[in-house]
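The chain contents come next:
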Amino acid sequence: MQQTVVRHRVRAPKPRTSELKKRLWRNRWLYAMVLPGILFFVIFKYVPMFGLAIAFQDYKPFKGVGGSEWVGFDHFERLFTEPDFLMILVNTLLLFGMNLLFFFPVPIILALMLNEVRLSFFKRTFQTLVYLPHFMSWVIIVSISFVMLTSDGGIVNELLVYFGFEKINFLLSPEWFRPMYILQVIWREAGWGTIIYLAAIASVDPQLYEAARMDGAGRLRQVWHITLPAIRSVIVILLILKIGDVLELGFEHVYLLLNSMNREVAEIIDTYVYTAGLRQGQFSYSTAIGFFKSFIGLLLVMLANKLAKKMGEEGVY
Amino acid sequence: MNKKSFSILVSVVLAFSLLLSACSGGSGGANNNASPAPSDEGGAKTEETAKPEESAKPAEITIMLPLNTAETPPDTIKNEIEKLTNTKLTYQFFPADTYEEKLNASFATGSLPDVTYLKNQATFIQMKEAIRDGQFWEIGPYLSEFPNLAKLKEEILNNTKVDGKLYSLYIGRPLARQGMIYRKDWADKLGLGAPANVGELYAMIEKFTTEDPDGNGQDDTVGLADRNDLIYGAFKTVAAWFGTPNNWGEADGRLQPEFTFPEYVETMDFIKKVRDAKAMNVDFAATSKTDQVNLFTSGKAGVYIGSMQDVNSLVKDLVKNVQDAVVDTHSMVAGPDGQLATWSIPGYNNVVLFPKSAVKDEAELKGILAFFDKMMTPEVANMMYWGKEGVHYTIQDGKAKAGEDQELTEREVKGFKDSVIGEPETNGMLEGFHDLPARIHAEQLVLENEKIAVPDPTAPLDSATFTEKGTELQEIIKDATYKYMYGSIDKAGFDKAVEDWKKRGGDKIIEEFNAAYKK
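Sequence order for the protein chains is V and F.
Following full-length UniProt numbering, the residues of the first sequence are numbered contiguously, the last one being 317.
Following full-length UniProt numbering, the residues of the second sequence are numbered contiguously, the last one being 519.
These are calculated hints, taken from the structure and not from any lab test.
There could be a bad hint or two in this list.
To be verified - Derived DSSO-like pairs (lysine-lysine); straight-line CA-CA distance at most 30 angstroms: (1) V:Lys63 x F:Lys360; (2) F:Lys503 x F:Lys519; (3) F:Lys414 x V:Lys45; (4) V:Lys167 x F:Lys102; (5) F:Lys316 x F:Lys356; (6) F:Lys189 x F:Lys151; (7) F:Lys451 x V:Lys63; (8) F:Lys57 x F:Lys356.
As the list claims (entries may be wrong) - Quick list of the computed label-pair ranges, beta carbon to beta carbon: (9) V:Ser173 x F:Gly199: 29 to 37 angstroms; (10) V:Ile168 x F:Lys496: 22 to 30 angstroms; (11) F:Thr290 x V:Pro179: 23 to 31 angstroms; (12) F:Gly217 x V:Pro174: 52 to 60 angstroms; (13) F:Asn86 x V:Met148: 56 to 64 angstroms.
Nothing here was measured: the structure is a model prediction, and the numbers come from that model.
C-beta: ideal position from N, C-alpha, C; glycine also.
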């Protein structure tokens, strides 16, 4: 029994290799076309990964990876024993959670609403207007917010006073940091996010709507029973991808909003890497933090993917 | 600087250092910091020109420096310098905002050029480890061979030494430019003189707020305009007036950080009092310099504390909004005990280093030093600092008066301006001619300030922990200082932050600085 199995294995590869070769040859142009893409990933994504080695070294630029001293998990120890570590992690995850909860549904809702607009001129104009902020840099968005929200003559505070309320110190109070962050994200990114959903909605078979109308379904019913299920897989995939970017909360954005008064809620992993690592040229420590961050990201993606599959969707892998 | 560009940078750095170490691994691994020289040819040429008689062939020098303007300057000035110094220069300008990244990346890939300008004192501190490791030429022994370089000020050179050895040339700056710029017309109207002490300063700030100095019948002015910067904003200057030491001071025979001194707390109380009285922009912890300047130039705020040399740009915009505004500068503000003091920088704001990876031998180094020696002659220094006479500046009363076309000067000269080594006393450069009375006053005050300037005792000292964690730890103090001034923590809370600072590495910094101080 065993013998036969072994013999089988030995014999089998031969035809398979030639088969493979033949197949490769037959599709050689297709493979040639894929090659640049593969090279891109190898050169820019996989090769640099070896650099993670410096997270375990006391890396000195002038000594190189080969010459720097190995220190094991020292940098990770430093990170985990940092008194602010928990605060930073919680801030990062909270901000991410709020992002998912409050920002993620906005483009979907916006897309559904736009889809109901029948006036094509209005629809197009509106769409352009809402995705325009995407092209503004965070510096501009934060500056505009500053001018509007400052308690020294900012329009929002002036209005509050006019209507008999107390001034609110939006820029400096820890309570207002998160809402301000989320609102700015929605302002800048919501319109841009609708594009993919609108495309998905456009591909829904119109016959389904006709059939539904025959059965007497109203607008809302159509959205609920046809549009949403039809774009469900797109939503799930975007959700998983979004979770993969869990910790990409926008260094620039948060760093611009960060100040001494709101640091306890606004310091996230990215800004910490900048102040503790980069500004002092500590590559190893920065890399260790980055590594840790990517690790959380990976875990969350795997989790989300599993959930998606449980729900009967395809997932990203 | 965003996340993406950072990760790209790191990837590139890593990829290159891998390559480098892989290459050198073959040659025994001992020499793994070696990197390809930018041009071996250039080295050979400089060797020739390094000889005193100066052969006709110009020395080729590549220079990397931070750029404080939006555009790379054209070659106008560069060509003139080349003619004057018999060199062939390649300038590599990189935006000052991201210069540290560029510096670190070039360093990691071994591609630093012959002449490397750092950005400021902070980057210099970071480089010290590499300097100790022997990555840069020690130039101390050569200085005496160059008559002009030998003129550089001894005490400032001492501040830039690493373990007692000199590796760098410095770009000089006046020791103490800090003071206040205020609305003289407002003060005159309210019958106030320039504040002689901190009490009068408070009175001025308060009255500027409450007594309607602009006379429009509306409660729309504030005394002080400040920003989110504890050092170059108002705080540190006011702290020095209160008698707080400059970063570090001696108490009971030991060096202690400034924030452990009672004067620091008095300063916080002062600003807190001003803020509580709404006599300043209450959002100052989130105010940028642009917004701070706007408060002053729009005629809303009456006192600006910071560099007195900012007065020209402040007045220029202020008179557009308030035509009859009169502005003056002032810096002699006594503390509660009647003592005058101000804080000073270590006399330089940047240094130049010469990487061994690019400068191959002594002859080449001497060729480069010869270039810097010539830079310290009046013709070259003026060309780099002021530009071409008659185009960018004119001479009036033996001083340089900036030309009318400021944009032209900004575009063509500014890039080179910040790289002139030494200061007018040592490189013979022209002093600036000013016609704005407040600026003339400011220049006098800068000289007066020198007499009462308090130096930072740790400027020539080293602490490994400070190099590693200083910036990060400073954030604790910075946050606590703002929170105290905003009233969200009290003295006990502030003391707790100081304890926290000590626990997380501050104690070690104190130890290390004191150990170095004793030597």
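Evaluated hints:
no.: 1; hint: V:Lys63 x F:Lys360; result: holds, 18 angstroms
no.: 2; hint: F:Lys503 x F:Lys519; result: holds, 25 angstroms
no.: 3; hint: F:Lys414 x V:Lys45; result: violated, 40 angstroms
no.: 4; hint: V:Lys167 x F:Lys102; result: violated, 43 angstroms
no.: 5; hint: F:Lys316 x F:Lys356; result: violated, 46 angstroms
no.: 6; hint: F:Lys189 x F:Lys151; result: violated, 49 angstroms
no.: 7; hint: F:Lys451 x V:Lys63; result: violated, 45 angstroms
no.: 8; hint: F:Lys57 x F:Lys356; result: holds, 23 angstroms
no.: 9; hint: V:Ser173 x F:Gly199: 29 to 37 angstroms; result: holds, 32 angstroms
no.: 10; hint: V:Ile168 x F:Lys496: 22 to 30 angstroms; result: holds, 28 angstroms
no.: 11; hint: F:Thr290 x V:Pro179: 23 to 31 angstroms; result: holds, 26 angstroms
no.: 12; hint: F:Gly217 x V:Pro174: 52 to 60 angstroms; result: violated, 38 angstroms
no.: 13; hint: F:Asn86 x V:Met148: 56 to 64 angstroms; result: holds, 58 angstroms
In this structure, the hints that do not hold are numbers 3, 4, 5, 6, 7 and 12, in rising order.
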